[in-house]
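Peer 1: For reference, the chains in residue letters:
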Amino acid sequence: MAYVSLILGRVGKAVIVLLAILVFNFFLIHAAPGDPAAVMAGEAGATDQQFLDDLRERFGLDQPLPVQLWRYMSGVLQLDFGYSYRQQMPVLDLILERLPATLLLTGAAFCISLLFGIIAGALAAMRAKRPSGSIIMGLALLFYATPLYWVAMMAVLVFSVTLDWLPAYGYSTVGADYTGLAHVGDVAVHLILPALTLGLFFMAVYTRMTRTSMLSVSQQDFVKTARAKGLAPGVIQRRHILRNALLPIITLAGLQAGQMVGGAVLTETVFAWPGIGRLMYEALMQRDYNLLLGIFFFCALLVILFNMLTDVIYRLADPRIKQGAT
Amino acid sequence: MSEPTRESGAPLLRIERLSLALPEGADRLYAVDNVSYDLTAGEILCVVGESGSGKSMTANALMGLLPSGVRVAQGRALFDGQDVLAMDELSHRALRGRRIGMIFQEPMTALNPLMRVGEQIAEVFEAHDLLTPRARKERALALLEEVRLPDPTSALRAYPFELSGGQRQRVMIAMALALEPELLIADEPTTALDVTTQAQILHLVKDLQARRGMAVMFITHDFGVVAEIADRVCVMREGKIVEMGEAREVLDHPRHDYTRALIDAIPADVVAAVGRPADVLAAVERPGGAIPPQRDGTQSTPLLSVSGLDKVYRTSGGWFQPKREVVALDGIGFSLGKGETLGIVGESGSGKSTLGRCIVGLNRPDSGEIRLDGVDLSALEGRALRAHRRRIQMVFQDPYASLNPRIRVGMAIAQGPIANGVPKAEALAQARALLATVGLDGGAAERYPHEFSGGQRQRIGIARALALNPELIVADEAVSALDVSIQAQVLKLLDDLKRELDLSLLFITHDLRVAAQICDRLIVMQKGRIVEHGSAREIFNSPQHPYTRELLEAIPGRRDAPAPVTATAGVL
Amino acid sequence: MTLLSSVTGRLTAAALSLAVALPAVAQETPSSGGVANVAIQPEPPGLMLPLVQNAPTQRVAGNIFEGLLRYDADLEPMPQLATSWEISDDGLTYTFHLHPDVTWHDGEAFSAADVVFSADVFLRETNPRTRAILDHVASIEAPDDETVVFTLKQPFPAFIQAFEVGTLPIVPKHLYAGTDFYNNPANNHPIGTGPFEFAKWDRGSVIELDKNPNYYEAGKPYLDKIYWHVIPDAASRAAAYENGTLNIMPAGSVENFDIPRLAKLDGSCMTEAGSEYFNPFAMLWLNNREGPTADKRFRQAVMYAIDRDFAKNVLWNGLGKVPNGPFSSTLAAHDDDLQPYPYDPDKSRELLAEMGYKGEPVRLLPLPYGETWTRWAEAVRQNLEDVGIDIETESSDVAGWNQKVSDWDYDIAFTYLFQYGDPSLGIARTYISSNIAKGSPWNNVEGYENPEIDKLFAAAAVENDPDKRQAMYDQIQQTLHDDVPLAWIMELAQPTIYRCNVHDLITTGIGLNDGFKNAWIEQ
Amino acid sequence: MNFFKRFAQNRGALVGLVILGLVVLLALLAPFLYPDSPWRMVQRPFLAPGEVSGFWLGTDVMGRDVAAGLAHGAWVSLLIGLISTVVALAIGVPLGALAGYFGGKVDDALMRFTEFFQTIPNFALAIVLVAIMEPSTFSIVLAIAIVSWPPVARLVRGEFLSIKHREYVEAARLVGQTHRDIIIKQILPNTLSPVIVLASLMVATAILLESSLSFLGLGDPDTMSWGYMIGAARTVMRQAWWLSVIPGVAILLTVLALNLVGEGLDDALNPQLARAR
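Residue numbers (our numbering), protein chains in the order written: chain S, 1 to 326; chain X, 1001 to 1572; chain H, 2001 to 2523; chain F, 3001 to 3277.
Be a bit skeptical, because a hint or two may be false.
[What the hints assert, rightly or not] Here are some chain S residues the structure puts well away from chain H; computed CB gaps all over 10 angstroms:
#	residue
1	40
2	62
3	64
4	123
5	311
6	315
[Unchecked claim] One-sided excerpt, in silico: chain X residues whose CB lies under 8 angstroms from chain F:
#	residue
7	1334
8	1360
9	1364
10	1406
11	1543
Keep in mind the hints are simulated off the structure, nothing from the lab. Beta carbons are placed, not taken as given, at the ideal position from N, Cα and C, and that holds for glycine.
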């Protein structure tokens, strides 16, 4: 019973944070110069006052800001995120249409980076004093320091244009209309470059973190115990050091998984991945207030969900927390 | 797997001219310098020394657990005829756990927090490719039974954090004994435990050793423990062996001054030691210091009176975890007279530290009164509280954590007066004088804490507490972290200062032997309550409460309690 | 064909005319089948062309919707939904005879009522540009199902230029009459009469158009499908064209620096045809109201200071044309004798000294339309700083740019405007004082007021006599040339890059916006 | 003394320091090496490195000297990295200190506030902020600072939480030092080493972030930064590889150097861990 109320409390806090984010961003976005009507009028190549007034009235932008906020927030409370001014579709539909692509991309990048990052970090920690360990760390540092978009550009150049191994952009082959497994394969092929590009940086992060964490765990007493038992070094590394070293990485990864969703703008742009990051950038540029707020809402929601998920995983991984010890 | 082929009588372990070199820049060249000793099967050898004596290093070298940077400079360590130090990793690994077992000081950190106890024990068999997984589990259970863990079946499935310190140490022992090793190395296995638990563990080790006929290398700093279990003793100081011999021989007739000092620092008979810190110190320092007059606390006017003090700790639980409550203080009441030393004794979790913190004002009690000269401190706020607060100062436990590493010692002492309006120059001058009072030279004021030893730091801590001219000093485990010889010096300093400055002292400790040396009256606490209260002499001579009796009996080295006279009494 | 494939970035006027003549040269018979993969950027906000006037919308929806007329490279009208038309001698009555066999994509029959509804109701309400043109119209009537008659209030010779698909698209009356135009469900699945039907739109990825099997022009269109690929990054678009995923790159799909390289690829062709109607004209708004830019000498100094040939050669790869005055060279009314301002920094400095410019800071607002424009702003800033003008660049996104220009909050601002085939449609709007109003970035934003110019533009618009009209336009050009209300910096080229096996891609002066009904792919 | 010795023992950190020193030197010498504006178009466009003497790194799309841009860009990139880090520290350190020191409701409120900023994806927030304030050095620095302070606050809070119960802090409370003195004199100096390490990494992240913003066209149009150079070169990557590679390598080296220095600092300031390496 106590758990239920605790979870409710947690959810309550999350809702408050989400609403606060909406209000904050509402004012932030409205502080930007220009409004969607001006943008649309600008694009039309011709305009007059009547056209602008019509647009603003239609969008409700003729109302004072607090009224607009009130209308928007009362809509949100009923899970109505409004209409995209520009795309003339409900915001929720637009976001839900794009969200899977982003989740696929970030999910893949996340798994790749976590898996390979931990493996590389563990190897580097075990070989801390050997050249191979230094090489791994050197590479990690290199990936860490290279601007993401630059890697993306180079990857397209090498693997798509020059070698023609992988598609340069997009989510699936246009016009191929694959179904079933063929479709899955098609999407997977399209996924490789963007996911690798996005994952590379985080892979470097996890590599470094795993190594540091493992080196610090290896100083702990229970590692001495394990050695005193006569366990083989590999077993000690895997079972004792790595498992304990992963705890801080779970926390970090949880934080970053949420951040990745909104942070994939660059990758999605370069690879024309039809995700939510790109949609956000476009919505911002077009002052599509409702859409932008909606995207922020969902990004924040994902961050919160990932944080909760992290907590759960942490609890599974660390028995001390489950039982209320510190 | 060669069966032991050594002829009977030949030592199981022979250390020959072993030297372990420290890395460059250490305070001396060798951690262990040209050390030789033997250990035969069925024998308990205690390696005794204070921190930094190198007593654990040899054991670590045997187990291949030397810290990085420390290397073998010369010598051999023959285990069953084979030089362990020259072995390749594979054969060495085959030895570890199987023929040599080891337990460590910190039961809290020596077990992997993420693995169940049963798995960790079973791992020992797995490491040496023995038994089926099922059989391993059964053996683990049997072992837990053997080390007398309550409810071994559920302990098997427990995570380390679910066990108490003593229980964890039992698990460690079970693990070390799993493969019935010929040699057990125990590195300060009881130091982190409460006295009562320590007694149990010592008993267990001795019992198991006797049943299995193993050799035990028991590393400790405590001659009380030596007296309790050792067959032979090897005393180390700064990497060298200063004395070695049969336990009884060394205890009764220590040949080396250092050994004598160590033994003397531990009163074998607490009753005899009551109120006699100067006597205790006589062996360490120059003889001197008058025997204090017997005082009765009730005769002096109460400086501090505490009544009805309650305190409950509540953890507010994250999501998923329920709130928890720990009763730290439960209706505590006592008074302390001017110039009196009151000892508060209890094991960990008894609430004794919370009591001290409530009195100095670091914690707020939930209810109850703390009156200083009749003024209720818990009712005061802000300025008035601050004005009263300076009258009670505290000496902390950890000499390393109680001084800000980035503040010069002089400034650290002067901070209090400065915060209370004394001009900086004056405060600093006063700080220098105080340093002299606690036995440090004036130049110390310009140095940083890390340039001082633990004992010196504790003196600085005392000087800091004195800087505000307090009337009451609360010393919370003020000597627990110090080596025994240093302990005695600090105790003497406290006692002297108390008398010179007419201070009252509230002395919080877990160590009855220490309490015996300095306190006029004692309070024994258990689980937040006062279970016994009386003059030190009364309590040691005729403890009323069973818990007090248990505590007294648990003191290591106190043989055949309550009989006061033993062979060691003579030296005191 | 072979000629074109060897054309490099430095296309000359001669090559341009060749390209226009392309349909005549083509000997092969068109074959059906094939798919067009076209880059589209940015993603259109919607495809309901009569509601959304955005350039990418026009480009895609020009295949779905149709106007009454099309225009050739000389901007002469060609039949589309109207098979023939008459203009009365007094220039007041325009009669259109409609194609008899046209059906909407949903199967309903097309009739004159749709035209009347579109022009008189729908577009008057929704389209500001068309609304301005229709101000000249007194009535629109449909005497029968195949005839529409527009009656004007006064002669307006430019009116015949107003029937292309972007300006006057025909909307299905049966779907829209009496509804809320903006929230009509048909907006998401637009129904037109054009050669291609809307099939699918994966937002963020691709828009799919299918061949209209019931198209009224027999045998057309030839292509089975058109895919419009949404790829936000220019370099990625170029890569996609290179590896063959895309076969048509409309103007603006790749950065100018990349054009020569892509055009030089094997089997790659380029044409500048199809920009005659819109003919985008790049200029700098110079704020005539305040600051140094209010001084005519300063504005002239700007004209002298800017190295327009450098911009053309370096930034636009030699494509486009340095204008000699306010009128685009493709307009009939263009005065060929006008001398362009030369690049003459010394003259510029002289003028600045003469007016007493003391180094007051001048803000420069670039057009946030991609790399070329950013580079151009950098070059102009450098030019102006070289003659001693203190420039502060103000960066902004599209919305901010719109806002600032519409609110006259700038000193110098980049822009470009369409000419729409006639000075009265595309040019007068930027100079006549009646068009000074906040809220639009496309009117007389610079705040130029000259009663004489106002009068001349008004008179020329309704003058039916070509010679008299030309005389007025010559005078306008001369006056504006001297006054420099704004700086004319470039007639922009609209190069389309495509695979050479795509034929008859551009057959009118409206270019790709006019739909792909004639395009075919050599199998 | 010990610190410098330990730092000097770390070869990577020394290499980092040398690279960083060179970059700083380049930045400082830029006005002397290339007194002209780096925006000036001085030669034919697209000169490859070394093709014409005097332009050892070639020219860009508009004939501007890449070497001049690199030198002036070093100044801008470093400055943006440093200032935004300082601003982020100025926000994060006090917030974290107050939250950690006072705990309870103060902590709750401040941490909610921090969480709030962490819940909005960083890069997205930075983009929105720059777009709203319009790109300029000021807005970029502010945006980077605003998205990068929460980790600082969390770190400082954590340090405060652990240090505030140290006995020397309690001793300071007992002798009657004010909260302000305890925070500033007792605790803060002891939190500095992890903060310094974090700060060195933040400078690197800020440089990357600025370049990413520039890449999206959200750079300050009046300052020549490395991010700007890459962004501007992106469309001509196929014709002139050096235009994106040269500033790319410059960013890479600087970030690399900062990381190496950061790791070196970490090792030197936390000797316990250093020994394990």
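Peer 1: The structure should be examined with respect to each hint, and the outcome stated for every one.
Peer 2: Hint check:
1. Consistency note on residue 40/S: stated as away from chain H, yet its beta-carbon is not over 10 angstroms from all of that chain's, at 7 angstroms minimum.
2. Every CB of chain H is more than 10 angstroms from the CB of residue 62/S (nearest about 13 angstroms), matching its label as outside the interface.
3. The claim that residue 64/S lies off the interface holds: its Cβ sits roughly 19 angstroms from the closest Cβ of chain H, which is beyond the 10 angstroms cut-off.
4. Annotated as non-interface, residue 123/S keeps its C-beta farther than 10 angstroms from every C-beta of chain H; the closest such distance is 34 angstroms.
5. The Cβ of residue 311/S sits about 33 angstroms from the closest Cβ of chain H, beyond the 10 angstroms cut-off, so the non-interface label holds.
6. At roughly 37 angstroms, the least C-beta separation between residue 315/S and chain H is larger than 10 angstroms, which holds for a residue marked as non-interface.
7. The beta carbon of residue 1334/X is not positioned within 8 angstroms of any beta carbon in chain F (closest approach about 21 angstroms), and the interface hint is therefore violated.
8. Evaluation of the residue 1360/X hint against chain F yields a held restraint, the C-beta minimum of about 6 angstroms falling below 8 angstroms.
9. Given the 8 angstroms rule on beta carbons, the hint for residue 1364/X is violated: about 13 angstroms separates it from the nearest Cβ of chain F.
10. Interface restraint check for residue 1406/X: the shortest CB-CB distance to chain F comes to about 4 angstroms, inside 8 angstroms, so the restraint holds.
11. Proximity of residue 1543/X to chain F is violated relative to the hint, the smallest CB-CB distance being about 32 angstroms (cut-off 8 angstroms).
Going through the hint list in order, the structure does not satisfy hints 1, 7, 9, 11.
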